[in-house]
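Using the sequences and the hints given, assemble the complete structure.
The lines below spell out each chain.
2 protein chains.
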Amino acid sequence: MNVAVTKELRSSEEMEARLREIGATRYHNLHPFHKLLHGGKLNKGQVKAWALNRFYYQSSIPIKDAIVISRFRDREIRREWIHRVSDHDGEPGGEGGIDRWLKLTDGLGIDRAYVESTAGILAATRFAVDAYVNFVRDRTPLEAVASSLTELFASGIHEERISGMLEHYDFITDDVMAYFRRRLVQAPRDAGFALEFVKAHAHTPEEREAVCNALIFKTNVLWVQLDALYHAYVDGHIPPGAYVPEEMR
Amino acid sequence: MNVAVTKELRSSEEMEARLREIGATRYHNLHPFHKLLHGGKLNKGQVKAWALNRFYYQSSIPIKDAIVISRFRDREIRREWIHRVSDHDGEPGGEGGIDRWLKLTDGLGIDRAYVESTAGILAATRFAVDAYVNFVRDRTPLEAVASSLTELFASGIHEERISGMLEHYDFITDDVMAYFRRRLVQAPRDAGFALEFVKAHAHTPEEREAVCNALIFKTNVLWVQLDALYHAYVDGHIPPGAYVPEEMR
Numbered sequence: 001m002n003v004a005v006t007k008e009l010r011s012s013e014e015m016e017a018r019l020r021e022i023g024a025t026r027y028h029n030l031h032p033f034h035k036l037l038h039g040g041k042l043n044k045g046q047v048k049a050w051a052l053n054r055f056y057y058q059s060s061i062p063i064k065d066a067i068v069i070s071r072f073r074d075r076e077i078r079r080e081w082i083h084r085v086s087d088h089d090g091e092p093g094g095e096g097g098i099d100r101w102l103k104l105t106d107g108l109g110i111d112r113a114y115v116e117s118t119a120g121i122l123a124a125t126r127f128a129v130d131a132y133v134n135f136v137r138d139r140t141p142l143e144a145v146a147s148s149l150t151e152l153f154a155s156g157i158h159e160e161r162i163s164g165m166l167e168h169y170d171f172i173t174d175d176v177m178a179y180f181r182r183r184l185v186q187a188p189r190d191a192g193f194a195l196e197f198v199k200a201h202a203h204t205p206e207e208r209e210a211v212c213n214a215l216i217f218k219t220n221v222l223w224v225q226l227d228a229l230y231h232a233y234v235d236g237h238i239p240p241g242a243y244v245p246e247e248m249r
Numbered sequence: 001m002n003v004a005v006t007k008e009l010r011s012s013e014e015m016e017a018r019l020r021e022i023g024a025t026r027y028h029n030l031h032p033f034h035k036l037l038h039g040g041k042l043n044k045g046q047v048k049a050w051a052l053n054r055f056y057y058q059s060s061i062p063i064k065d066a067i068v069i070s071r072f073r074d075r076e077i078r079r080e081w082i083h084r085v086s087d088h089d090g091e092p093g094g095e096g097g098i099d100r101w102l103k104l105t106d107g108l109g110i111d112r113a114y115v116e117s118t119a120g121i122l123a124a125t126r127f128a129v130d131a132y133v134n135f136v137r138d139r140t141p142l143e144a145v146a147s148s149l150t151e152l153f154a155s156g157i158h159e160e161r162i163s164g165m166l167e168h169y170d171f172i173t174d175d176v177m178a179y180f181r182r183r184l185v186q187a188p189r190d191a192g193f194a195l196e197f198v199k200a201h202a203h204t205p206e207e208r209e210a211v212c213n214a215l216i217f218k219t220n221v222l223w224v225q226l227d228a229l230y231h232a233y234v235d236g237h238i239p240p241g242a243y244v245p246e247e248m249r
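Keeping their order, the protein sequence lines are chains A and B.
If you use our numbering, the first sequence closes out at 249, no skipped numbers anywhere.
If you use our numbering, the second sequence closes out at 249, no skipped numbers anywhere.
These are computed hints drawn from the structure, not numbers from a lab.
Treat the hints with care, as some may be off.
To be verified - Not everything, but these chain B residues come out facing chain A in the computed CB check (under 8 Å): (1) D130; (2) A131; (3) R139; (4) P141; (5) N220; (6) V224; (7) Y230; (8) H237.
From the three backbone atoms N, C-alpha and C, an ideal C-beta is built for every residue, glycine too.
Printed below as a string of structure tokens:
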């Protein structure tokens with residue numbers, strides 16, 4: 001049977017190598033749905049379904065990060081982490097990542113109140129995203145930080161997405177891709193801090209294993225969302241109650 | 001946009017009618033995977049994947065029910081609900097629903113330690129089942145009870161499963177179907193209590209709406225599990241790290 005047998009992680013360097021291996025084999029840049037999305041193989045309705053569902057993930061991230069902050073008595077870590085909340089929520093009167101995501105859904109012509117209600121998202125999206133929020137609350141602070149490490153692998157996918165979507169879709173304009181362009185700057189900084197944190201605070205083989213498992217968990221959170229989109233909107237098995245794009249009615 | 005517009009539920013009779021309508025349109029007896037399963041259209045590897053994943057659901061039910069019990073200060077309700085835990089766990093030295101499920105996975109030739117480890121289940125299975133456990137902890141006691149109401153619709157599916165699987169699969173014997181035969185007796189009794197409970201305790205249109213939404217939530221928990229099985233094992237998109245039956249290697 002395929003029970004994973006992993007060798008003991010004896011140092012932070014071995015752990016980092018394992019983390020990068022997890023990224024190289026499980027990050028959602030490898031998912032067939034992303035290959036279709038970036039390669040211009042989806043129709044507008046399918047891109048809308050993706051943007052609508054992904055909004056639930058985007059808008060849950062600052063909630064997730066507020067929980068991460070709440071796990072630390074160490075003020076320095078809270079001060080380091082707090083900008084992640086603002087990155088997504090924006091400063092009062094300013095624009096944040098959620099606003100930039102809504103520009104994308106606006107640009108695709110999805111009613112904003114409908115997007116914000118999250119009424120039409122796939123149940124699988126909700127379960128996966130909620131699992132992420134619960135994970136950072138229920139696991140150790142070390143695992144909570146480690147679960148953010150997918151950002152180590154995000155730059156490549158954002159670059160590919162910006163150029164691929166602009167090239168292939170006439171309904172995608174430079175303006176609506178602002179979210180991803182901004183993340184090109186934000187994600188590497190955040191990932192760098194989280195990687196240094198887990199390298200400094202995972203002291204035993206068991207803790208290093210837990211860090212790696214937290215990253216595997218997070219890659220599953222991302223992968224499940226794309227599996228569900230593929231099943232519903234590429235293979236055409238839209239579950240009861242979920243969004244049906246005008247283009248697919 | 002397809003935002004659901006539901007009319008106000010003015011009585012417990014209107015609520016019951018709405019609950020039965022939800023069952024008739026969203027219960028997982030309607031799912032294509034079940035039609036394949038009961039109609040003999042799956043191969044043994046696909047049936048194994050179903051039984052392996054469903055074990056995580058089965059083995060989480062007594063945990064879910066222990067949380068439900070913990071939500072009530074009213075001792076009478078706790079005394080009524082406790083047999084659900086024993087139904088699945090069995091009395092000391094006796095046999096419960098989880099044992100009967102393991103007879104099924106044994107009969108299919110899946111290593112028992114591997115099943116019990118849950119290492120190979122789909123991440124979507126875990127997220128959906130955990131969402132159910134969290135739901136009964138985080139929502140009102142009324143919603144926690146209401147989320148069990150899928151049992152109102154279980155008898156038909158169990159009868160169909162027993163006869164369909166025995167008829168169509170030479171690797172399914174009468175003995176391994178013991179779980180479902182037993183549920184034919186247990187589920188209607190439990191569902192009857194839960195239905196009377198929500199009818200007696202949902203006093204306002206808002207509470208009746210919450211009861212109905214709890215049932216919709218639960219139908220989603222079941223539907224998502226079958227969507228994920230279909231995508232992985234019928235359409236062949238098995239995600240990284242998940243079980244690969246010998247028959248599909």
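Measuring from the C-beta of Y230 of chain B to each C-beta in chain A, is the shortest one below 8 Å?
At about 7 Å, which falls below the 8 Å cut-off, the nearest Cβ of chain A leaves the hint on Y230 of chain B intact, so it holds.
Hint check: 8 Å Cβ-Cβ cutoff, D130 of chain B to chain A
6 Å, holds
Have a go at the P141 of chain B hint: is there a Cβ in chain A nearer than 8 Å to its own Cβ?
20 Å, violated
Hint status (Cβ of H237 of chain B to nearest Cβ of chain A, threshold 8 Å)
With a minimum Cβ separation of about 7 Å from chain A (threshold 8 Å), the hint on H237 of chain B holds.
Does R139 of chain B meet its interface restraint, that is, does its C-beta lie within less than 8 Å of any C-beta in chain A?
Because about 13 Å separates R139 of chain B from the closest Cβ in chain A, which is outside the 8 Å limit, the hint is violated.
Can N220 of chain B be said to touch chain A, with a Cβ gap under 8 Å?
Given a least distance of 4 Å, the restraint on N220 of chain B holds.
Answer holds if the nearest beta-carbon of chain A is closer than 8 Å to that of A131 of chain B; otherwise answer violated.
4 Å, holds
Hint validation: V224 of chain B versus chain A, beta carbon distance must be below 8 Å. Holds or violated?
5 Å, holds
The earlier numbered hints that this structure contradicts are 3 and 4.
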